[in-house]
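Chain B with the ligands: place on chain A using the hints.
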Amino acid sequence: MYATMSERPAGKAMTRPRVSVRPGSRGVAESTKPDLRRVFELQGVGVTYSGVAAVREVSMDIYENEVTALIGPSGCGKSTLIRCLNRMNDLVADCEVVGKLHYQGEDLYGPNVDPVQVRKLIGMVFQKPNPFPKSIRDNVAFGPKMIGQEGDLDEVVERALRGAALWDEVKDRLDKSAFGLSGGQQQRLCIARCIAVEPEVILMDEPCSALDPISTGRIEDLMLELKEHYSIVIVTHNMQQAARVSDRTAFLMVEQSPDERASWGRVVEYDLTGKIFTNPADQRTEDYVSGKVG
Amino acid sequence: MRPGDPRTARAEVALASARGVGTEIFSSQPRADVIRAAAFSVALYAALALAVLGLAVLVLDNLIEGAPRLNPALLTNGTSSLPANAGLRSALIGTLWIIGFVIVLIVPLGVGAAVFLEEYAGSRSRVARLIELNVQNLAAVPSIIYGLLGLAFIARAPLNLGFVVLTASLTLALLVLPVVILVAREALRAVPGSVREGSLALGATKWQTIRHQVLPAAVPGIATGVILAISRAIGETAPLVPLGAATFVTFDPNGPFSRYTALPLQIFDWVKQPQAEFQTLAAAAIIVMLGLLLAMNSVAIWLRNRYERSW
Ligand SMILES: Nc1ncnc2c1ncn2[C@@H]1O[C@H](COP(=O)(O)OP(=O)(O)O)[C@@H](O)[C@H]1O
Ligand SMILES: [Mg+2]
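Line order of the protein sequences matches chains A and B. Here the first sequence stands for residues 1 to 294, where the numbers follow our numbering. Here the second sequence stands for residues 1 to 311, where the numbers follow our numbering.
Hints are computed from structural coordinates only; laboratory data are not their basis. All residues carry an ideal CB built from backbone N, CA and C; glycine is no exception. Check before you lean on any hint, since a few could be wrong.
What the hints assert, rightly or not - Listing some non-contacts, in silico: residues in chain B with all C-beta distances to chain A over 12 Å: (1) Ser28; (2) Arg36; (3) Ala37; (4) Ala47; (5) Ala56; (6) Leu70; (7) Arg129; (8) Leu133; (9) Pro142; (10) Leu148; (11) Leu182; (12) Pro256; (13) Phe257; (14) Phe278; (15) Leu294.
To be verified - Each computed SDA-like pair below joins lysine to any residue, with the alpha-carbon atoms no more than 25 Å apart: (16) A:Lys128 / A:Leu224; (17) A:Lys128 / B:Leu215; (18) A:Lys145 / B:Pro220; (19) B:Lys206 / A:Leu121; (20) A:Lys292 / A:His237; (21) A:Lys145 / A:Gly180; (22) B:Lys206 / A:Gln149; (23) A:Lys145 / A:Glu158; (24) A:Lys128 / B:Gly193; (25) A:Lys145 / B:Glu197; (26) A:Lys171 / A:His229; (27) B:Lys272 / B:Ser231.
Bound-form chain A, shown alone (with noise of 0.2 Å):
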């Protein structure tokens, strides 16, 4: 087994100097800073279900401690890729993954990584807040139960319900079935049973689609917090929400062959979320990111 899949790497920074970019602050040469620790390197990545393209040649990096941004319109790829990352596109039949793509310099897809062992590291959140029919304490102590951590389980599961602000609301009813939660408490649980297993980087996909914007106000919140000890990457169609909680943002959009009988995702721009939202070098982007199309 490789290293960093089987062990944590020891002292994770936490404390290193972050890159703040809001809109507006136009602090692009913040960007070139040296130490910043890439967690995905992705080249030519391309994912085909049942041999037809989805996803064509991204090639990105992704920071350690920062909320990158995957942004376009419906069936650019943005799912698509970002279940590349903990390898979820294992569990469709007929999908295949080329390119290259490595987590902290190791091959995701070489032939002795354990895809079980992946997601212990990267773990995900969904669209659809997805609680197990069971309460909640055992909906966040699963995740810890499975993988044998130790220690002590309950407070684990407060310490994982703290981390994703619920606990208060939940503390006197952790016996109940958490679908007594409404959708923004079910996606903050989601979101504590995610980091109970402590992971390096927490992926999400539309987390906040199914929400009201009080609650999606929230889940922002939290990930702006989460951040300081976690790699984030979201997907959002919400262009907002991607100027206000990630650092860098990808613009994805279909692109279509010459012949116009196949399209596939690909990746317009990739920079810093200022750059993306107030100065993008790419027409289609601003286009985009203006309202002008999408």
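Below, chain B with the ligands without anything else, positioned relative to chain A:
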């Protein structure tokens, strides 16, 4: 204008409001719709009433006829050629032994097969499709065929168990297994994919996901299937006939290798007797058997609710 034409509906609304039916703002429901809805619900109630009525007549008829013999002695008396002394004890014990082993056999086999077909085989696997086809066809085979199969392969060589409880259990288990597999597969399929994804995304293995998420969520459905299957096994008479279920046993079956009789066969035997007293006895026994089935189904419902509430 034809019925169903939107213009028809609009015209009816207009007519109704012209007649002053309904309030000022909300016109009344078009008349045809009201009649159709009423006719439909009447038909549904009629169907329900017919079903319930049939059952009620059956139960009442037997209750009235069997009333004189519905007493504890019916359950505690053993077999006897004298109607006054005859009771169900041996048959009840036989049925309990048989069903006990049926449960032990069908739960792991049925659930295991369902998990394999649903979770591991994949919809395109040839083997899986072949098994599936067989399972579906087996569910439609007449039960006497299973009796003959049990006679040929279980009672005689190669298993050579003889005419004992275990032979009956094995045969009845084979008979109801397809039902258990089909129902368990349905129950597994009903567990949403998002639950599996959520579990796998946490780093749980496939087996952990099945064992701790999918199966528990499917328990109410599987339990229902198992209990339905057992109810069927309790009531089956035909396959036990070639398996040498004695209708006249003077002892209580006491284990898997004991000779036996079972409830439905005992009833069948009594019904065949010329004496009227035996007819009364048979009616009372039918009530006992119905009661047993009812109790089992209640347990199924109770189990189901309990599991649902603990979520
Ligand atoms: N499981 C799948 N099987 C086949 N095609 C798929 C599957 N999932 C997604 N696709 C296709 O891949 C393309 C990208 O989809 P997706 O990644 O879901 O886009 P997005 O998340 O950006 O809306 C779409 O054309 C979609 O039809
Ligand atoms: Mg999507």
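Original post:
Which earlier hints turn out false for this structure, listed by number in ascending order?
Top reply: none
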